[in-house]
Amino acid sequence: MSAQRSARRRAKDALLGYALVLPSLVVFGVFVFYPFVKNFSLALHRTPPFPGLPKKYVGLDQVKDVLSSSEFHKSLRITIEFVMLTVPVGIVLGLLLAVLAHKQLRGMGIYRTIFSSTVATSVAAASVIFWTLFNPQIGLVTYWMGRSGDLGVLEDPKTALIAVAVTTVWQNIGLSFILMSAGLQGVPDDLYEAAAVDGADGARRFWHVTLPMLSPTLFFSAVVGSIMAFQAFGQIDILTRGGPDDATNVLVYSIYEDVFRAGNDGVAAVKAIALFVIVLILTIVQLRVAERRVSYAR
Amino acid sequence: MSGITLSGVTKRFGDTIAVDDVSLTVDDHELLVLLGPSGCGKSTLLRMIAGLEEMTAGEIRIGDRVVNDVEPKDRDLAMVFQSYALYPHMTVRANIEFPLRSRKVPKDQRALQVAEAAEMLDLTDYLDRKPSQLSGGQRQRVALARAVVRRPAAFLMDEPLSNLDAKLRAATRIELVELQRRLEATIVYVTHDQVEAMTMGHRVAILDRGVLQQLGSPQEVYDRPANLFVARFIGTPPMNTVRGRLETAGGTPVVRIGADGVELPGAAAAAAAADGLLEIVLGVRPEHVEIVTDGTPGALTATVEVVEHLGHEQHVVGRLGDGQLVTVRQGSHLPAPPAKSSVRLAVRVEHAHCFDPETGARLG
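Line by line, the protein sequences are chains G and X.
Number 13 in my numbering belongs to position 13 of the first sequence; there are no gaps in the numbering.
Number 226 in my numbering belongs to position 226 of the second sequence; there are no gaps in the numbering.
No wet-lab data here; the hints were simulated from the structure.
Where hints are given, some of them may not hold.
[Claimed, not checked] Partner residues aside, some chain X positions facing chain G, computed with beta carbon under 10 Å:
id: 1; residue: L52
id: 2; residue: K73
id: 3; residue: D74
id: 4; residue: S83
id: 5; residue: L86
id: 6; residue: A153
id: 7; residue: L156
id: 8; residue: V307
id: 9; residue: H309
id: 10; residue: L310
id: 11; residue: G311
Where a beta carbon is used, it is the ideal one built from N, C-alpha and C, also for glycine.
Please put together the full structure from these sequences, using the hints given.
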């Protein structure tokens, strides 16, 4: 009797649970799960040269073609270059500002607000600011570099990626600063005090206490920053459109071009899968390490 | 040579005075306990000695050197924190070695000193572990090893035992005393636990609201508390402090409490008379009050409120006619009076203390 009742009750609870999950399941299904599965099917079909013709199932042929193409390799190389240019610099600058702002001084709140303000800036706004700075005719940066009237930094294949990276670092510095500040706040004060009494000067305290204690934060920032950099699109679309001469044609932008310029969604789908795998690996690494760091707690 | 001298040390945080004009000397090889309730300024005082907190006024000397403007790292001190403050990312060995590395001690010398400190604190088997793999007691010993490894001029300990359970705390207390004796160390030890203060300290400095109340040996502060604060703070259960009117009955000074009167010790009476006091606070430890039979002269009448049985002893709490409470501590072999019964309490006057009710200062 009571077993029966508890079984009924459990069923009722389960029903309520499913009902509550349903709305988000629908949203995820439409915008994530369906496109995800559909993307795999796209990758297995070659897009016809003329619109209107039926798509042809080619198995893994297209995947092989794309992954071995020099165009894909170049795009991947540029993407990795972009990650290398943005992530370490972003972390170092964020850490530097966070250490500076960590001091208990009057008016520090103002600095903290300024340092974290780029979080509230959209990619578009940041890009327009830097587009102006980099402008060959009126740009301040161009002027400082003595390149006025010359080829703009965004038009020069040698400097375009760096210019885009600078914009990205600036835009991400707020997030990096906030992450590093949070990490610093997690370091107990008495560790610094113990180190101070133990004879360590400021530099030694930084290298032997601050940095190791921040390593989980640093690692998290590196991985999340890399994932964000792999997915960068807005600033490239606004500043360079992948040019000049494909110098800033990162993976995501090339996917965009494949679909919306060339109309070749089969090739785009293969690249999207490649990007998915890269981000998946980074995410797994992050989760694994984060799990291991649990024992790091005192 | 490596004693510590504080003169007029003061610390203000905005409008609040955390430490108020404290002057005291910690002798070489002495274990001095800074004792007081939380917020009394004892930790702030210790942190000022360490250099972790700036002084508002005063002077601190370590040995012959004024250290007011000396960085913590250059004060030649070691500190044990309540949280232990072990470096979680370093092994036990690296933790103990850290102060030596900071001071650029050569490598083989370091290894030797680490081994010695680890041996002394029974940590040899744990040198390659991380602090997170150790028990609370072991972590505490690592913190101690990190302090002793360098043989500093003095040790500062901030409630080092308060994170241990009662049993381990008692054992570690004894180990610490032994360690102090073996190293002939100068130690300033902060605690709010009077048992630690009484059992470990060569001398005890009692602080309240930033002011040094009394400095003396554990026995001194117990037997002759300098004021009401110390009298009430030291001892469990705390000293009975009963307020009464000063009178003279047949030539002898008497404290009148309700309808009863207790004869005053001569010295206290003289001091009270000199100050022209009309009222006085009589302090008697619970072990110096006994329940006596009816008719005993000079005893106080009380109603029994509650009897607490502790196994080896019992505490009888009685309420006097005017509402004041008096605790009697007696052996558990004695019969416990029933609650709400009326008893007569005799005070052993030779052990009584008298205090000025306004200033709290000791009389006589």
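Quick rundown of the hints versus the structure:
no. : hint : in the structure
1   : L52  : holds (5 Å)
2   : K73  : holds (4 Å)
3   : D74  : holds (8 Å)
4   : S83  : holds (5 Å)
5   : L86  : holds (7 Å)
6   : A153 : violated (12 Å)
7   : L156 : holds (8 Å)
8   : V307 : violated (45 Å)
9   : H309 : violated (41 Å)
10  : L310 : violated (37 Å)
11  : G311 : violated (38 Å)
Checked against the numbered hints given earlier, the structure breaks hints 6, 8, 9, 10, 11 and satisfies all the rest.
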